[in-house]
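A.B. asks: Sequence:
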Amino acid sequence: MANASAAQEAVIAAAEPLFSLSLDRPFGFNLDAGFAYAYQLLFGQHPDQFRFVQGKTWLSTNMAVTATCLIYLAVIFGGQALMRNRAPIAFPILSKVHNLILSVGSGVLLLLFIEQLLGPILRKGPFWAVCADEAWTQRLELLYYINYLFKYYELVDTVFLMLKKKPLEFLHYYHHSLTMALCYTQLVGRTSVSWVPIVLNLGVHVVMYYYYFLASCGVRVWWKKYLTTMQITQFVLDLTVIYFCTYTYFAATYAPSLPNMGTCAGTETAALWGALLLSSYLVLFIKFYRDTYIKQQRGRAAVKAKKSE
133 MANASAAQEA
143 VIAAAEPLFS
153 LSLDRPFGFN
163 LDAGFAYAYQ
173 LLFGQHPDQF
183 RFVQGKTWLS
193 TNMAVTATCL
203 IYLAVIFGGQ
213 ALMRNRAPIA
223 FPILSKVHNL
233 ILSVGSGVLL
243 LLFIEQLLGP
253 ILRKGPFWAV
263 CADEAWTQRL
273 ELLYYINYLF
283 KYYELVDTVF
293 LMLKKKPLEF
303 LHYYHHSLTM
313 ALCYTQLVGR
323 TSVSWVPIVL
333 NLGVHVVMYY
343 YYFLASCGVR
353 VWWKKYLTTM
363 QITQFVLDLT
373 VIYFCTYTYF
383 AATYAPSLPN
393 MGTCAGTETA
403 ALWGALLLSS
413 YLVLFIKFYR
423 DTYIKQQRGR
433 AAVKAKKSE
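If you want our numbering, it's the position in the sequence shown, counting the first as 1, plus 132.
In case anyone wonders, no lab produced these hints; they're calculated from the structure.
As the structure is a prediction and not an experimental result, all values here were calculated from the model.
There may be inaccurate statements among the hints.
Restricting the straight-line Cα-Cα distance to at most 27 Å, the calculated cross-link-like pairs of lysine-lysine (BS3-like) are [as the list claims (entries may be wrong)]:
(1) K357 with K228
(2) K298 with K356
(3) K188 with K296
(4) K427 with K298
(5) K188 with K298
Each pair of labels, with its calculated beta carbon distance range [as the list claims (entries may be wrong)]:
(6) Q181 with Y306: 35 to 43 Å
(7) T372 with Q186: 42 to 50 Å
(8) A387 with K419: 28 to 36 Å
Built from N, CA and C at the ideal position, the CB exists for glycine as well.
Make a model of the complete structure from these sequences and hints.
C.D. replies: Okay, here's the thing in structure tokens:
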């Protein structure tokens with residue numbers, strides 16, 4: 133069946149013009165066809181056959197996520213203890229490749245998401261796109277799962293920091309370990325709004341990992357401060373949409389006399405966990421920005437004023 137499906141798609145693709153702008157082809161090229169071809173080469177089946185099934189799909193159990201989080205923390209803090217009396221270990225080439233993979237990979241995934249989302253959003257409206265059961269499509273589910281797997285690979289970030297004996301900020305390991313859990317809960321809970329934080333996060337990661345790549349190449353980047361501003365803006369936008377979806381779901385379900393736009397797809401547990409965790413990220417990133425930039429700026433201003441006296 134997979135070979136027949138691939139053959140049919142090949143015939144259709146051959147009949148279509150190579151470049152044609154439309155709502156379903158916002159970049160002119162059929163990116164999904166290229167993705168399907170690459171996926172089939174790698175895994176031997178068409179991406180239409182993928183289904184996320186809790187307990188069957190790889191890394192789809194509570195135990196797998198919990199164990200990974202605990203192993204991650206044990207490795208970074210155990211490694212930190214082992215490195216205490218040792219010289220820092222750097223892997224410059226591996227670090228460059230790692231950051232480039234995540235920047236480019238995030239960019240490719242972002243383009244695939246936009247191609248899947250733009251047409252339905254413009255045809256059916258933003259409320260449908262974040263709340264309708266039908267907005268959770270099979271292809272988006274696969275992209276959500278790939279994004280979820282990215283979160284495991286991103287844990288390598290902290291291993292590089294630990295080996296180089298860089299400080300392990302609470303924000304860093306809190307964010308890395310729990311974002312993986314967040315993506316998992318949304319896959320299980322099938323929240324149609326998932327694409328909003330994921331698309332914004334991918335956009336930030338394209339820039340962020342490109343910054344890390346440049347830094348690993350010894351390039352001094354002047355816009356580091358604005359990267360944190362981007363991250364804070366991302367969480368503000370995330371939470372604006374997520375709070376709305378959570379409110380309209382609970383109002384429609386438990387207090388229909390309150391103003392609401394109807395129910396929203398996804399489980400209550402997934403919705404509340406997502407809202408709570410993203411809220412904590414926003415608070416921590418604002419604190420990081422204040423401690424890193426505002427307090428330092430005030431400190432430098434105070435030193436300059438004292439010197440001029």
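A.B. asks: Work down the list of hints and note, for each, if the structure agrees.
C.D. replies: Going down the list of hints, with the structure as the test:
Taking the CA atoms of K357 and K228, the gap is near 21 Å; set against the 27 Å cutoff, the hint holds. A distance of roughly 17 Å separates the Cα atoms of K298 and K356; the hinted pair therefore holds under the 27 Å criterion. Simply put, K188 and K296 have alpha-carbon atoms about 37 Å apart, too far for the 27 Å limit, and the pair is violated. The hinted pair formed by K427 and K298 meets the criterion: a straight-line CA distance of about 21 Å does not exceed 27 Å.
Note on K188 and K298: the hinted pairing is violated, with a Cα-Cα distance of about 38 Å set against a maximum of 27 Å. At about 36 Å, the CB distance of Q181 to Y306 agrees with the hint of 35 to 43 Å. Remark: the range hint 42 to 50 Å for T372 to Q186 is contradicted by a beta-carbon distance near 29 Å. In this structure the supplied range 28 to 36 Å holds for A387 paired with K419, their Cβ-Cβ distance being about 34 Å.
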